[in-house]
Amino acid sequence: MSLIKLTGLEKIYQQGKIEVPALRGIDMEIESGEFTTIFGPSGSGKTTLLNMIGCLDKSTAGEIVFDGHSINDLNSKELAEVRRYNLGFVFQSYNLIPVLTAFENVEFAIRLIDKHSKKERRDKVMSLLEEVGLGDMADRRPNELSGGQKQRVAIARALIKEPKLVLADEPTANLDSETSKEVLELMKEMNEELNTTFIFSTHDPQVMDYARRLIEIKDGKISKDQRRD
Amino acid sequence: MFFLKMAFKNLTRHKKRTIITALIIAFAILIYVITEGLMIGMTEMSFDNIINLESGHLQVADQNYWEDRKELQLKNLITPAAEIENKISQTDGFEALTRRLNFAVNLNNGIDELPVTGVGINLETDSRVFELDQHLVEGRMPEAGSTEIIMGAKLAELMDFQLGDYAIMLIRTEEKTFNTIDGEIVGLFNTPHPSLNESNVFLPLSTVQERLNVEDKISHYVVRLNDQDLASNAAEELSSRLSAPYQAYSWRDAARSLVTMLEMQDIETQIILAIILTLAAVGIVNTVILSALERMEELGMMKALGMHEREIVYTFMGEAAGIGLIGGVMGVIMGIIGLAIFNINGIDMATMTGGGDMTYGFPLSGTIYAGWELESFIFVFVYGVVVSVLASVLPALWAARKDPVKAIYHR
Numbered sequence: 001m002s003l004i005k006l007t008g009l010e011k012i013y014q015q016g017k018i019e020v021p022a023l024r025g026i027d028m029e030i031e032s033g034e035f036t037t038i039f040g041p042s043g044s045g046k047t048t049l050l051n052m053i054g055c056l057d058k059s060t061a062g063e064i065v066f067d068g069h070s071i072n073d074l075n076s077k078e079l080a081e082v083r084r085y086n087l088g089f090v091f092q093s094y095n096l097i098p099v100l101t102a103f104e105n106v107e108f109a110i111r112l113i114d115k116h117s118k119k120e121r122r123d124k125v126m127s128l129l130e131e132v133g134l135g136d137m138a139d140r141r142p143n144e145l146s147g148g149q150k151q152r153v154a155i156a157r158a159l160i161k162e163p164k165l166v167l168a169d170e171p172t173a174n175l176d177s178e179t180s181k182e183v184l185e186l187m188k189e190m191n192e193e194l195n196t197t198f199i200f201s202t203h204d205p206q207v208m209d210y211a212r213r214l215i216e217i218k219d220g221k222i223s224k225d226q227r228r229d
Numbered sequence: 001m002f003f004l005k006m007a008f009k010n011l012t013r014h015k016k017r018t019i020i021t022a023l024i025i026a027f028a029i030l031i032y033v034i035t036e037g038l039m040i041g042m043t044e045m046s047f048d049n050i051i052n053l054e055s056g057h058l059q060v061a062d063q064n065y066w067e068d069r070k071e072l073q074l075k076n077l078i079t080p081a082a083e084i085e086n087k088i089s090q091t092d093g094f095e096a097l098t099r100r101l102n103f104a105v106n107l108n109n110g111i112d113e114l115p116v117t118g119v120g121i122n123l124e125t126d127s128r129v130f131e132l133d134q135h136l137v138e139g140r141m142p143e144a145g146s147t148e149i150i151m152g153a154k155l156a157e158l159m160d161f162q163l164g165d166y167a168i169m170l171i172r173t174e175e176k177t178f179n180t181i182d183g184e185i186v187g188l189f190n191t192p193h194p195s196l197n198e199s200n201v202f203l204p205l206s207t208v209q210e211r212l213n214v215e216d217k218i219s220h221y222v223v224r225l226n227d228q229d230l231a232s233n234a235a236e237e238l239s240s241r242l243s244a245p246y247q248a249y250s251w252r253d254a255a256r257s258l259v260t261m262l263e264m265q266d267i268e269t270q271i272i273l274a275i276i277l278t279l280a281a282v283g284i285v286n287t288v289i290l291s292a293l294e295r296m297e298e299l300g301m302m303k304a305l306g307m308h309e310r311e312i313v314y315t316f317m318g319e320a321a322g323i324g325l326i327g328g329v330m331g332v333i334m335g336i337i338g339l340a341i342f343n344i345n346g347i348d349m350a351t352m353t354g355g356g357d358m359t360y361g362f363p364l365s366g367t368i369y370a371g372w373e374l375e376s377f378i379f380v381f382v383y384g385v386v387v388s389v390l391a392s393v394l395p396a397l398w399a400a401r402k403d404p405v406k407a408i409y410h411r
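Respectively, the protein sequence lines represent chains A and B.
Taking the numbering used here, the leading residue of the first sequence gets 1, the next gets one more, and so forth.
Taking the numbering used here, the leading residue of the second sequence gets 1, the next gets one more, and so forth.
Some hints could be false.
Only pairs whose alpha carbons sit at most 20 angstroms apart, straight line, appear in this in silico DMTMM-like list of lysine to aspartate or glutamate [to be verified]:
{"#": "1", "chain 1": "B", "residue 1": "K87", "chain 2": "B", "residue 2": "E236"}
{"#": "2", "chain 1": "B", "residue 1": "K402", "chain 2": "A", "residue 2": "E130"}
{"#": "3", "chain 1": "B", "residue 1": "K406", "chain 2": "A", "residue 2": "D57"}
{"#": "4", "chain 1": "A", "residue 1": "K181", "chain 2": "A", "residue 2": "E120"}
{"#": "5", "chain 1": "B", "residue 1": "K406", "chain 2": "A", "residue 2": "E78"}
Quick caveat, the hints were computed from the structure, so don't treat them as lab data.
Just so you know, these numbers come straight off a predicted model, no measurement behind them.
Between the sequences and the hints, there should be enough to build the whole structure, so can you do that?
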């Protein structure tokens, strides 16, 4: 059974009296453990598609099935529950909470699940921070970290609750090529180690090189879907 | 707990803004505490003046006399009796008892005439109940059985009297015939009770009884207790032991209009507090909206991570509570300092009334010293925090209901 199944997905934005179609019938399936990149030019609809998969936005038509359950009819509270337990997000601008330390930023996501004891939480967060190479920077606030380190914290925050899927919207856009490489290596490592499904949106060729599946979006439609071994 | 911790950490993002918003709440609390403190001071002083100079703690009179007592008619007077006085002396907290006879007087200086209240006092016992003798600024108290009188320095000034002058007092006897008393002014007083200074003349009870031809009758007994808080219950209990038409009245009954006025003032103070804190609440609303706008991407991230609207609202409410707590602590500290200043130095009533002699019906004059009550501090502190939290609810809901996609991309 696929983790995500999109059938005839459409999204039309209303801008005043004008209807702007962002997605024009997407059919796609993503299996568990995939490391997929969605790429395409600006305005092609890749971020919209990511938002639909991430339960952040609702489609105009079509169906989204996540882990065997249709999410079309879920209300905002139910969608929040799906995101809370099953999804991790990595944003282009990291979106870390500046008043919290690296440890607390990662802990924040696991706190929402609230199924671990304080000690378990601490051990889990520290172990993940060690894995992303920030074990000795747990007490630093975001303004004391470099861009790459911030993105590592964001990745740790996305992975801490062991989600079924991590969505990353242009995760390397604000990083230099060397740091981008490190971050991508890390995500690949996590994908292989934890079997977590990763979907990226990007137009960075370096990111595409790491993907095992490449999906190209043009004018709101899938124009290419290529798997690599 | 985590959300609360995060909320408090959020307060450190813009320390200046947090402090300024908290200061608005602190000033609201300060104004309330000072106003309330002065009101407490005025109330305590007013009550003290009424008790010590006008009504004592209890009065015992014929209930028909009491109802029309302000008309100063010589009707329904009482004849002192050992039996009544024994019953009065058995009252809980009893300290002293005196007899008084109030009557209407037209005070004449040979040119002008002024209606005032004459009070016949028992010179042996009056000072055990009242403090009139402590406020003499010139001369002495009258001698028993004489036609010597004392009056307020203010009244003397108004009527152009001086110590040693004779004042002609035109009175009407019980039979409605006119009589006069040529009273020698032997003392002038200046009490903190303005109406007493301006419209009362005191002279020996026996002289008054003789000139009014009322034999040994008095208008009422006045009782001093060792605790003013006992008065209401004592009046009730004493009334139950007295037979009709005698009735006991507490100082609160005697100062009914003042008590009502002070209760109204209390409501006024609460309204002032509500208005000031509402203005402070605008500051909170502003702070929450600014915070939400600045943190829109963060809010989007929080929603993406699955945070519920309720949890986001709690976070903002926690921040507002933090601001309320900081403002509350600052306000209470500032209030304590402000009250200490007004408690030690006081404030001249003339300053509050624009330099005039107006007292707005309060039986007090001179310097008012602020009082304080722990309850006021607790109330205003809690009120400040609650108003802060409530003020944050709507803007927090607005922030929490933002579409996550629009929030993440700050559209």
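Q: Just pull the numbers of the violated hints for me, sorted ascending.
A: Hint check: 2, 4 fail, others pass.
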